[in-house]
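Participant: Put the two chains together into one complex, using the hints given.
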Amino acid sequence: MSRRRAQAGSALIEFAGSLILLAVMFAGIFEIGYSFYAYGVLVTAVRAGARYAALQPRGQPSGAGADPMAQAVRNLVVYGDPAPTDRTKPLIAGLTTEQVELINLPDASTVSLRGFQLDALFLKVKLDGRPTVTFPVTAGAAPGAAPGAGQ
Amino acid sequence: MTLLLGLAALGIDIGRMYVIRAELQSFTDAAALSAALELNGTDAGIARARGGAGRLATGPHAMRWDMGTQPIANIATSFSSDRANWQEQPKQARDLRFVRVIAAEPVPVIFMRIFQPLTSATVAAASVAAKTEMSARLIQ
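First to last, the protein sequences are chains A and B.
Heads up: the first sequence begins at 13 in this note's numbering, then just goes up one per residue.
Heads up: the second sequence begins at 1288 in this note's numbering, then just goes up one per residue.
In isolation and in its complexed conformation, chain B is listed as follows (with noise of 0.2 Å):
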């Protein structure tokens, strides 16, 4: 019995982060294509991309995350040349074409510290973006 309730709780915690990564998927998706939108091979590009990620997780129409809860915190954009090597903070902004936006969320977990001394496990999510030439495409 006490084995049954404790799988049916687990189910919800692990159903409540699948939710949250399908909303972070989406998020990652959308920043990573405003991104590289503007990517342009200069510094101020970059520092637009990094700004167009953001901005998708702030205002009145921001995505969040935890059921369209929380607003989305933890964000990382990192840039790319050739998809092996990723730069946070890249010197030289010229051959950069790929952006990456992962956001990680940490979740509470309700039932899961049951089993082990865990209070919140992290979700994450990662997009990756290219800036082609008019316009600009997610290709992971």
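The following block holds chain A by itself, in its conformation from the complex (with noise of 0.2 Å):
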């Protein structure tokens, strides 16, 4: 065998032991690469629920499973969309409606997510009541002060 068919041989496996590593490290990258692009959905999906909750007249006290308006903060969480005609999509994966925590109080609204889990490939990250999100009430707001008003 020629000298230079041997160290083709172990080139070969060279390559087979350093791409294993790059798998390794592209995989690492990607998942914390998701878990911030997912956690900042979250953020901006948690603050427009709380949002949206302060913005609707005082009635009710929370907690009413069935109370509609919760409901619809909890859809607009989870899929974007305060009334969603498509419930099969949630911004981030595995999230569901139930795992959207809203309080009510009479001058602020508190949204954040229970017990809903990150899934980054390998990586779990449990999010039990982060993000949260807190705003004041500002129901009271003259027609021309509009929802979402700012960013």
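If you are wondering where the hints come from, they were derived from the structure by calculation, not from laboratory data.
One thing to keep in mind: the hints can contain errors.
[Claimed, not checked] Facing chain B, according to a computed beta carbon distance under 7 Å, are these residues of chain A, among others:
# : residue
1 : Ile-44
2 : Phe-48
3 : Val-55
4 : Thr-122
5 : Arg-142
6 : Thr-146
[Unchecked claim] Derived CB-CB ranges, DEER-like:
#  : chain 1 : residue 1 : chain 2 : residue 2 : range
7  : B       : Gly-1338  : A       : Thr-97    : 42 to 48 Å
8  : A       : Phe-27    : B       : Ala-1349  : 47 to 53 Å
9  : A       : Val-36    : B       : Ala-1363  : 42 to 48 Å
10 : B       : Pro-1395  : A       : Thr-97    : 39 to 45 Å
11 : B       : Glu-1375  : A       : Gln-83    : 38 to 44 Å
12 : B       : Glu-1420  : A       : Gly-106   : 25 to 31 Å
13 : B       : Ala-1334  : A       : Gly-40    : 45 to 51 Å
14 : B       : Ala-1363  : A       : Arg-70    : 30 to 36 Å
15 : B       : Ala-1360  : A       : Ala-105   : 32 to 38 Å
16 : A       : Gly-106   : B       : Gly-1338  : 35 to 41 Å
17 : B       : Thr-1345  : A       : Val-36    : 40 to 46 Å
18 : B       : Ala-1349  : A       : Asp-131   : 22 to 28 Å
In this text the structure is predicted, and so the values were computed from the model without any measurement.
Cβ atoms here follow ideal geometry from the backbone N, Cα and C, with glycine treated the same way.
Facilitator: Structure (structure tokens):
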């Protein structure tokens, strides 16, 4: 066997070894990147839910499961729409409306996630009580002060 | 190879900063609204406005940063009557209708220090809210 052929074999083994290392690294980078992306989406969704809730007129106390306003808030957080037509695609895979917690006080609305597990390939991030966003109630706003003014 | 990994790592640091900015922006939006609701042209209103902004960063439902793990500690609240001159300690409370809340947190960087001798970078968010007749609204 010539020397060149012998070296070709060891190059193959080296390549295989480094491929494993590379695959692990890229998987890790993907996981972290996806977690950040997903968390960013969740923060925005929870913020939208809290703002939406704070703009609703204060009526019955929260907590009742059948409360249509609470359901609209949960839908907004999970599907990006208070009355979604398609309930098969949450903004982030695995998120359900039961995992959205809404606390309505007379002067503020708090939305947070309870018991959601962010699934990024191998890594699982448990999100319990985060993200949390509280908005003060501005339901008495004049007609010109539209919901979601600003960003 | 080193360059490739360096860039990927940089992406992680920057991605984290974007998440933190989204968190801080949610906080400042809510804090500015809370503060603006308290404005009533008196010094007591100014004091309550300042407290209202800070209250959202404390308690069992506090808003936090760094994927919901760190308390928001660096909050600056300032007031204005014209959105041009901002005062942290206003002397005359009468005409102040605008509140600006700035949250700026030092984010420890992990990979960026390969390129620069820096251990943390400040990520900030700002919101301005205006007191209206019955309520308050976000304007910026």
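Participant: Now tell me if each hint is right for this structure.
Facilitator: Structure-based check of all given hints:
| no. | hint | result |
| --- | --- | --- |
| 1 | Ile-44 | holds (5 Å) |
| 2 | Phe-48 | holds (4 Å) |
| 3 | Val-55 | holds (5 Å) |
| 4 | Thr-122 | holds (5 Å) |
| 5 | Arg-142 | holds (3 Å) |
| 6 | Thr-146 | holds (5 Å) |
| 7 | Gly-1338/B / Thr-97/A: 42 to 48 Å | holds (43 Å) |
| 8 | Phe-27/A / Ala-1349/B: 47 to 53 Å | holds (51 Å) |
| 9 | Val-36/A / Ala-1363/B: 42 to 48 Å | holds (43 Å) |
| 10 | Pro-1395/B / Thr-97/A: 39 to 45 Å | holds (44 Å) |
| 11 | Glu-1375/B / Gln-83/A: 38 to 44 Å | holds (42 Å) |
| 12 | Glu-1420/B / Gly-106/A: 25 to 31 Å | violated (44 Å) |
| 13 | Ala-1334/B / Gly-40/A: 45 to 51 Å | holds (49 Å) |
| 14 | Ala-1363/B / Arg-70/A: 30 to 36 Å | holds (31 Å) |
| 15 | Ala-1360/B / Ala-105/A: 32 to 38 Å | holds (34 Å) |
| 16 | Gly-106/A / Gly-1338/B: 35 to 41 Å | holds (38 Å) |
| 17 | Thr-1345/B / Val-36/A: 40 to 46 Å | holds (41 Å) |
| 18 | Ala-1349/B / Asp-131/A: 22 to 28 Å | holds (26 Å) |
The structure fails to meet hint 12 from the earlier list, while all remaining hints are met.
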